[in-house]
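Asker: Positions 0 to 286 (numbering that gives the first Met the number 0) are the ones given, in order, by the sequence shown.
I should point out that these hints are in silico values taken from the structure, not numbers from a laboratory.
Using N, Cα and C, we set each Cβ at its ideal position, and we do this for glycine too.
Be aware that one or more of the hints could be misleading.
[Unchecked claim] With beta-carbon atoms standing in for the labels, derived distance ranges:
hint: 1; residue 1: Glu251; residue 2: His217; range: 16 to 26 Å
hint: 2; residue 1: Asp56; residue 2: Pro96; range: 24 to 34 Å
hint: 3; residue 1: Ser54; residue 2: Ile181; range: 48 to 58 Å
hint: 4; residue 1: Glu251; residue 2: Gly222; range: 50 to 60 Å
hint: 5; residue 1: Asn245; residue 2: Leu64; range: 29 to 39 Å
hint: 6; residue 1: Thr28; residue 2: Glu92; range: 32 to 42 Å
hint: 7; residue 1: His145; residue 2: Glu186; range: 39 to 49 Å
hint: 8; residue 1: Leu250; residue 2: Trp38; range: 21 to 31 Å
hint: 9; residue 1: Gln164; residue 2: Gln278; range: 22 to 32 Å
hint: 10; residue 1: Asp269; residue 2: Asp56; range: 47 to 57 Å
hint: 11; residue 1: Leu64; residue 2: Asp269; range: 50 to 60 Å
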Amino acid sequence: MPLQQGSPTVRRLRLGQELRMLRERRKLTGTKAARELGWSPSKISRIEAAKTMASGDDVKAMAKLYRVDGEKLDELFGLLRDAEQRGWWEDYEDSLPGEYTRFLGLEAEAVSQRSWEPQIVPGLLQTEDYAREVILASRGIARITHSGVRSRVEARLDRQRRVLQRSDPCRLTVVLDESTLIRRFGEPSVMREQMEHLLEISLLPHVGLHVLTLDSLHPVNTGTFIHLQFAAFDDVVYLEQLYTANFVEDLERVAGYEIAFDHIRSEALDEDESRVLIQRKAMLWRG
0 MPLQQGSPTV
10 RRLRLGQELR
20 MLRERRKLTG
30 TKAARELGWS
40 PSKISRIEAA
50 KTMASGDDVK
60 AMAKLYRVDG
70 EKLDELFGLL
80 RDAEQRGWWE
90 DYEDSLPGEY
100 TRFLGLEAEA
110 VSQRSWEPQI
120 VPGLLQTEDY
130 AREVILASRG
140 IARITHSGVR
150 SRVEARLDRQ
160 RRVLQRSDPC
170 RLTVVLDEST
180 LIRRFGEPSV
190 MREQMEHLLE
200 ISLLPHVGLH
210 VLTLDSLHPV
220 NTGTFIHLQF
230 AAFDDVVYLE
240 QLYTANFVED
250 LERVAGYEIA
260 FDHIRSEALD
270 EDESRVLIQR
280 KAMLWRG
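Given only the sequences and the hints, what does the whole structure look like? Please build it.
Answerer: Encoded structure:
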């Protein structure tokens, strides 16, 4: 069954953004608004940055100060109701890093996702066995328990279902370095199944899969990044490191990543050529 689109994470960000715009429209600084409300300036800042969840009384007090009523007030409370909903990823919070759960919340409402992956097949395109082997490979560093491995695999498969099979799926464009097709995780049978899965996924109408060959000109020296685009929200770039992750939200820097992705994709094979190469790799993994 197709899955519905929507994300409380994005609603929280939109609520904070709306409250900030309303404050600025009244020519109030965060400090002045906080003084009028009897709050600390940090409370205003955290609500506007979606780091603290506003209560109904908070929204009512801010709306009164900003002289908001009617349809706009209804809109704010609508965002608040949606923001209070539980996201599917919260079922896995105990086993997933906090930054990653925020990313999942943003991803749930992205209309476009552009991903560069120079090391492994990205999570959205992994088979269950490949995902397990990738997670197991990092156990010695991340100290993940057996139950943690199982929970992360389940979360990865759940994510795939909710992103790739929702009723209005985002446009997914992925560029893989050729090395991801020959770096082994698990037995050859795991790799062969993974190559076959890539071929199947690449045929979906909302998925574009490209491979940057090893003998291609590599125009940008950068690690993995994911560029998320939204219908009514500024773009965000997600960068994942060994122990943490960062979100790039500065518009100029986001634009830089957009240019970088376009350069990488321009040097990669087109979709048909990429499928031919993946098919060849699948045959090699037959042993």
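Asker: Each hint: holds or not?
Answerer: Consistency of the hints with the structure:
Against the hinted window of 16 to 26 Å, the Cβ-Cβ separation of glutamate 251 and histidine 217 comes to about 24 Å, which satisfies the hint. As the Cβ distance of aspartate 56 to proline 96 is approximately 32 Å, the hint placing it in 24 to 34 Å holds. A beta carbon spacing of about 53 Å between serine 54 and isoleucine 181 agrees with the range 48 to 58 Å that was offered as a hint. Between glutamate 251 and glycine 222 the CB atoms are about 20 Å apart, so this pair departs from the stated range of 50 to 60 Å.
The beta-carbon spacing between asparagine 245 and leucine 64, approximately 34 Å, falls within the hinted interval of 29 to 39 Å. As the Cβ distance of threonine 28 to glutamate 92 is approximately 35 Å, the hint placing it in 32 to 42 Å holds. Taking the beta carbon of each, histidine 145 and glutamate 186 are about 20 Å apart, not inside 39 to 49 Å as hinted. The hinted window of 21 to 31 Å between leucine 250 and tryptophan 38 holds, with their beta carbons roughly 29 Å apart.
For the pair glutamine 164 and glutamine 278, the beta carbons lie near 24 Å from each other, so the given range of 22 to 32 Å is met. Checked against the given bound of 47 to 57 Å, the beta carbons of aspartate 269 and aspartate 56, roughly 55 Å apart, stay inside it. About 55 Å separates the C-beta atoms of leucine 64 and aspartate 269, a value consistent with the hinted range of 50 to 60 Å.
Hint check: violations occur at hints 4, 7; the rest are consistent with the structure.
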